[in-house]
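Asker: Spelled out, the chains give:
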Amino acid sequence: MRKRKVPALLLLAAVFFLTACGGKSGDPNHTVLTIMGRSSDLEKSYMTSIFEQYEKASGNSLDVISFKDDEFEERASEEFRTGNVPDLFLHFHNTDLNRFNVSANFYYMNDESWVSDLTDGSRAYCTDKEGNLLGLPFWENSISGCYYNKTLLDSLGLKPASSQAEFDVLCQVLADTGYTPICWPAKDCTWMFQFGLDPVFADNPELLEQLNRQEISYSDIPAVTDMAQWVADAAAKGWFGSDFLETGWSDISPLLGSGGAVMTFIWDTWFYTDFSGDNNYSVDDFALMPVFMNTADEGTYEGGNLNMMMVNKNSGQLDAALDFLSFCASGEHYNTAFDGISTLNCFKGQTTNIQSPMVTNAAESIKAHERVSTAASRIIGYSADDVASAFGDLLRGKTDAAGCVRLMDDYRIEDSEKQNTTEQ
Amino acid sequence: MKKWFRKLLPLFLMCSVGIAAVLIGVTYFDFISRRIYNDSTGHLEEIYGQVNRSFGSFIKTNWGLLESWGDYFSLAEQSGSGSFSSASAPDGKTSDPDDETLDLDSETLNSDGKIPDLNDETLNSDGRTPDPDDETLDLDSETLNPDGKIPDLNDETLNPDGAGAVSDPSPDEETDGSVPARAQSEEADPISAFIRAEQDYWGFSEFYFLSEDEICMTLSGQKSRMKLGGAWSNLISEKEPLMASETISTGHEVIVFASPVPHGEYKGFGFDAIAVSYTNADMADSLNVDAFSGKAKCFVIHDDGTVLLSTQTGGNVFDNYLVYLKAASDLEEEQLNRLRSDWQSGTSGLLQCRIGEVSLCILYQPVGYQNYILLSAVPQDIISAGFLSVQKTTISVLIVIFLLVGTLIVGPIILRSRKMSLESRRELQYRELMFNVLSNNVDDIFLMLDADSHSVNYLSPNTERLLGIPLQAARDDIRVIGRCAADGDIVIPKKDLEAIPLQSSRYWECEYVHQKTGERRWYRMTIYRMKIQKAIKYVIVLSDRTEEQQMNQKLQEALTAARSANEAKSNFLSNMSHDIRTPMNAIVGFSVLLEKDADRPDKVREYIHKIAASSHHLLSLINDVLDMSKIESGKTSLNVDRFSLPELLDDLSIILMPQAKAKSQSLEIYVQGAPSEQLIGDRLRLNQILINLLSNAIKYTPDGGQIRFQVSELPQVSHQYARLRFVVQDNGIGMSEEFQKHIFSPFSREISSVTNKIQGTGLGMAITKNLVDLMGGIIKVQSAPGVGSTFTVELSFVLPEQEEPDPWYRQKVTRMLVADDDEDICLDIQEMMRDSGVDISCVTDGMAAVEAAVQAHHCKKDFHVILLDWKMPGMDGVEAARRIREQIGADVPILVLTSYDWADIEEEAREAGISAFMPKPFFASVFWQTIAPLFLDHVEQMNCGDAEDGVMEGRLFLVAEDNELNAEILTEILDMEGAGCELAVNGLEAVKMFENSEPGHYDMILMDVQMPVMNGYEATRQIRACSHPEAKTIPIVAMTANTFAEDVRNALDAGMDGHLAKPIDMDAVRETVSRLMTQKGEDK
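Each protein sequence line maps, in turn, to chains L and V. The numbering of the first sequence is numbering that gives the first Met the number 0, which starts it at 0 and goes up by one. The numbering of the second sequence is numbering that gives the first Met the number 0, which starts it at 0 and goes up by one.
What the hints contain is simulated information worked out from the structure, not anything from laboratory work. Misleading hints may appear alongside valid ones.
[Stated by the list, open to error] Heads up, simulated EDC-like pairs for lysine to aspartate or glutamate below, C-alpha to C-alpha not over 20 Å straight-line:
#1 V:226 - L:363
#2 V:226 - V:205
#3 V:325 - L:175
#4 L:43 - L:245
#5 L:43 - L:78
#6 V:222 - V:205
#7 V:222 - L:363
#8 V:294 - L:363
#9 V:1061 - V:963
#10 L:236 - V:356
#11 V:325 - L:153
#12 V:1061 - V:1045
#13 V:662 - V:903
#14 V:629 - V:356
If you're wondering where the values come from, they're calculated on a predicted model, not measured in any experiment.
Can you build the whole structure from these sequences, using the hints too?
Answerer: So this is what it looks like as structure tokens:
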């Protein structure tokens, strides 16, 4: 399904035609830029806001080409194959991007004026392994880590951990005291494992490359097995509680809110979108420390997965497209677009967005230990569901840590063969 | 008393020994546990006392070092030399700055320069820390510069500008030259070199210069803010050394020891204090205790509970241990307050608490500096491990002792007791054996139940024999016995059981079914509620009362039967009284009227007609009563003989058709299929059954109604038997459902406005039912008021073994035409004639029959027989016959099939050319009988109805009749018929009169049966036996009121030739005479 305009723009277009009929439509300077992306992404309020601002300010138009989320990758790559490459392309920096022949199709933005305004995290996310900035990150940003009930911890005379060893001690003390240390939603949540794997591959890019070239496997990386063993041990010690295999997405909020669990590995915006906070504890009772999964002694945070606006370097309207990005990267414009949105900064000059106090308070720690989302985005054949399935077998006692890692490998290789994609 | 004492003595002794052993054990354990616990906690206190002292010494050492370094810095600044030499002596000892407080024994330090483990052997043998007065820190010797001077902070080896602003490269970094960076740095900065040397020796992780504005600087020049737990003022203003926890930039915590020093400046950074830091892990190592299996945890805390450091492997996660105890332990608020108070007052103490599943022993001692407390937490079971081991050993020893003592003291008593018990048990076994034998041989079941649990304590083994249930099943669940009850399940409510007074009983009568044989037996269940050994028990005895019950039952039945018989007799008399009096009343009444109106012929005829009707009703009532009486007395037997079903149906038709016709009813006799025609059974009883049903149908069906009588044969289950179904269906007044329930009871008549007008005895259906039962059949009724009734009778008859051979004339008939508008009848005829080989053509109207006959004639294939239904739509059978005769002549026999009396049309039919009549329903045997004369060329006189006319005329009868009135009536009747008679008043006289008569004098003897002197049977036998020439041939007919089949058979057995029932029916007399006279003639 190809929608020519997002619904939110229909009114704008109507106003445009009513007020400028016979004007710019016939203006030879009037430019129409095509932008392609997922329908749900393009309908975000800050996206429609920046489009609106741009069209109003420049007099140019944006032809928005959107595809259903579940059809996007197939439909968009088909468009690229048939030469219908849009002027602007909205995509996450993940392995699916390899379908679109990045080096041949997109403009590197290392020298753009707005680059210095990007936060380190957002810039790192949009940069490829050669150090090229692939696009403008224009998206909600969040930080994933270990969110813990500070009020509860304080009431127990306990401190957050600053190392893996301390974290383990903290979990055991909590368990000994009768608390469930970690809410581990094993039933239907899959993201926890990528947090643990991020340091392994973000800190060792050569491992990532070797893995993606199928030269090595997870089993060849001791840290992966260490992580699996830690998860198995944690479950065995009761750190995830007794019925974590039946704990799912819908249970996280009540468990954290009631004090039924003290910590969980999640992202900050979850507290503003899904945490009810109508139980014993509210969002103000929580704080952030790194995720410890036995892969980084000092712990790790995962930066947000950001949508990038990329420019077709072969477009006849390259300058206009780059101008559009500059428009978006202007403080005045992005602050208007993100006004009141709960997100971390993508731009240093962002002031109107709402930042979580939990993240603000942990800024120094985040700065020291944040890593770009690597495992889920950069490992070819990585599937969060597959990894969770392998860990499911581990946690149900069907296999051991080494077996779990072998399963992860099997799934990864199978998926990568299915994708039949290699890095360009 | 003696016996009682002897029984209880062993028990008493055993209890005494046991109690003594327990008391000794408890006392011993209490003593041992207290002693061992005290020793354990004392050991704990001693160990951590040593740790505490060592830790205090460690603090003091660090502060002493810092103070001495401050002195050096101060001296160096004062001397202006500005250069320091390394403090590390080649032998690993530091130089002594003349401060005795720093004169530590070198053995307190590890050989690698790390902080010594306080549990290792660096401690003195007395457990105390080494003497700090030793000369280990003698800094004034070789540890100073090679030139023997104190390193000078203003030495030119500092930055060229002397400001000290040059940053110190990391000790590990290397310059691009071959000389290590640190060596270069040390060469350039003697202070740095000195501190590095000290660091290598003492093992601290970092050295800091501290300014009064809370800024610290490392040797490398990195500056940062240091909080020192908010104790800056103490350090700077009060000039007190301190120890504090500090979180450094990596997020890790370190322990900082700081000491005020005279103001100095290093690399342009003015400082008033200096500090060293240790990582938590290093500090933890210094406090770790190898004892207690490594499960002891040690903390250094402030007096408010804030944790400075802990020995927790992995790191410290405790912020405030007091808060933790409050939240996680089972300590009460009061205990926590006392703990806080102890800590604030610097008091040592020991307490126990529980955290989660673990019991902890918490020991706290003041460190002696800055209100720090050394707190250790050790799991209770670890402390008590030794005690538990001793406890186990002690228990084992005690058990052995107890067993030995017990064996020696109690053994002989037990042996004696056992012997007595054995005897007692044997006696019990004998008793039980005897009881089992007894119970096995009586028909009473014994059972003992626990009142609370209802579990079976005892169940006698004869249960299985008497009730047919497995013994174990009943023992497992007593309800199994209850389920054997004949009426389902016996459950005696608990309240009923509990209501039985103690030591009393109550009984219930129950009927049980033997589960294997199905035999029903009566038991009296007597339940005793007893108290046995303080427990309430129910002792239950199930006594077999079957014989008694059966006797009672028989008596009851006899009583009931007697009452019933009496009631029946009363009812019978009542009914009979009514039913007999009613017609009698009419007879008497009309007789009176007859006398009065004798001169009025019309009235006379009317009264006579009514008297006759009442008489007939009275007669039928008497017949029925007698019949019923005979049946009910069981004296009725069947007179089984071969008979013809067609003949039976023909007779029925003859008898009943006029009745139906009189009420303008249609009576259809319909035979379905081809039932067996020759049967063996009691024709008379069958006739009686069917007449009863059909006459009832006629009687209870209004004028113009329809009655259908259908006969069919059910599928054969045996070649020897035929089971026939007779269905009598009418659309009469019907019966209510209620009445149908007792329609077959004697004297049952439905009371309604319609039935009241219809005469009946109410015995007909009862007789019918009894006869059907007697013949082994079934009778069913379906009826609805206003709709009609359907009676169905099914009876089995024996089939004759041999069929009669086919007569020769059957071969002459191979083609036959049948015309009937009812296609079913055509099909039935084809079915019945199937075996005869006759080719039957069927048509359904008269015209078609004519056409078929004519066509066959023209083809010269005339039918051998033409069978025409009389009543057909369009052209009836007679007309069709006429036309056929006109076309084909008189050669082909034409028969008319009719269910009607053909007397009215006979003449017309003959004229039309009809050869013979056949009654409906069609039967093959009747057909062949009918056509036989036609083929014999012997034209039968069709006027068969006149055979009996004039048969009586001129006859002379010998009448044996003792009743004068009856004799007179008979004489008159015979006279009316033109016959004469001679009377004999008894059997003997009749014999004599016959013997004395001339041959041919008498035509027939009418013999009463019950007569004085000689009865009719005997008289007959003597007549037959006499020498009279006609003794064997003279027809003798019984003339009696005994009308049962047995009476008929008895008459025939006696030699009589016939039987006429009284009162005399002249039609019957004529028929009998005609038949017998014909036979007599044939015999001749």
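Asker: Hint by hint, note whether the structure agrees.
Answerer: Quick rundown of the hints versus the structure:
Note on residue 226 of chain V and residue 363 of chain L: the hinted pairing holds, with a Cα-Cα distance of about 17 Å set against a maximum of 20 Å. For the given pair, residue 226 of chain V sits about 16 Å from residue 205 of chain V by alpha-carbon distance, which is consistent with the 20 Å threshold. Of the pairs offered as hints, the one joining residue 325 of chain V and residue 175 of chain L holds, with about 15 Å between alpha carbons and a cut-off of 20 Å not exceeded. A C-alpha spacing of about 33 Å is found between residue 43 of chain L and residue 245 of chain L, which places the hinted pair above 20 Å, so the restraint is violated.
Straight-line distance between C-alpha atoms of residue 43 of chain L and residue 78 of chain L comes to about 23 Å, which puts the hinted pair past the 20 Å bound. Restraint check for residue 222 of chain V and residue 205 of chain V: the C-alpha separation of about 13 Å stays at or below 20 Å, so the hint holds. With a C-alpha separation of about 17 Å, the suggested pair residue 222 of chain V and residue 363 of chain L falls inside the 20 Å cut-off, and the hint holds. For the hint linking residue 294 of chain V to residue 363 of chain L, the alpha-carbon distance of about 35 Å lies beyond 20 Å, and the restraint is violated.
This hinted pair checks out: residue 1061 of chain V and residue 963 of chain V have alpha carbons roughly 14 Å apart, not beyond 20 Å. Proposed proximity of residue 236 of chain L and residue 356 of chain V is supported: the alpha carbons are some 14 Å apart, at most 20 Å. Distance hint between residue 325 of chain V and residue 153 of chain L is fulfilled; the C-alpha atoms sit about 12 Å from each other, no more than 20 Å. Note on residue 1061 of chain V and residue 1045 of chain V: the hinted pairing holds, with a Cα-Cα distance of about 16 Å set against a maximum of 20 Å.
With a CA separation close to 18 Å, the supplied pair residue 662 of chain V and residue 903 of chain V stays within the 20 Å bound. The suggested pairing of residue 629 of chain V with residue 356 of chain V is violated, with an alpha-carbon distance near 99 Å, which exceeds 20 Å.
When each numbered hint is compared with the structure, violations occur for hints 4, 5, 8 and 14.
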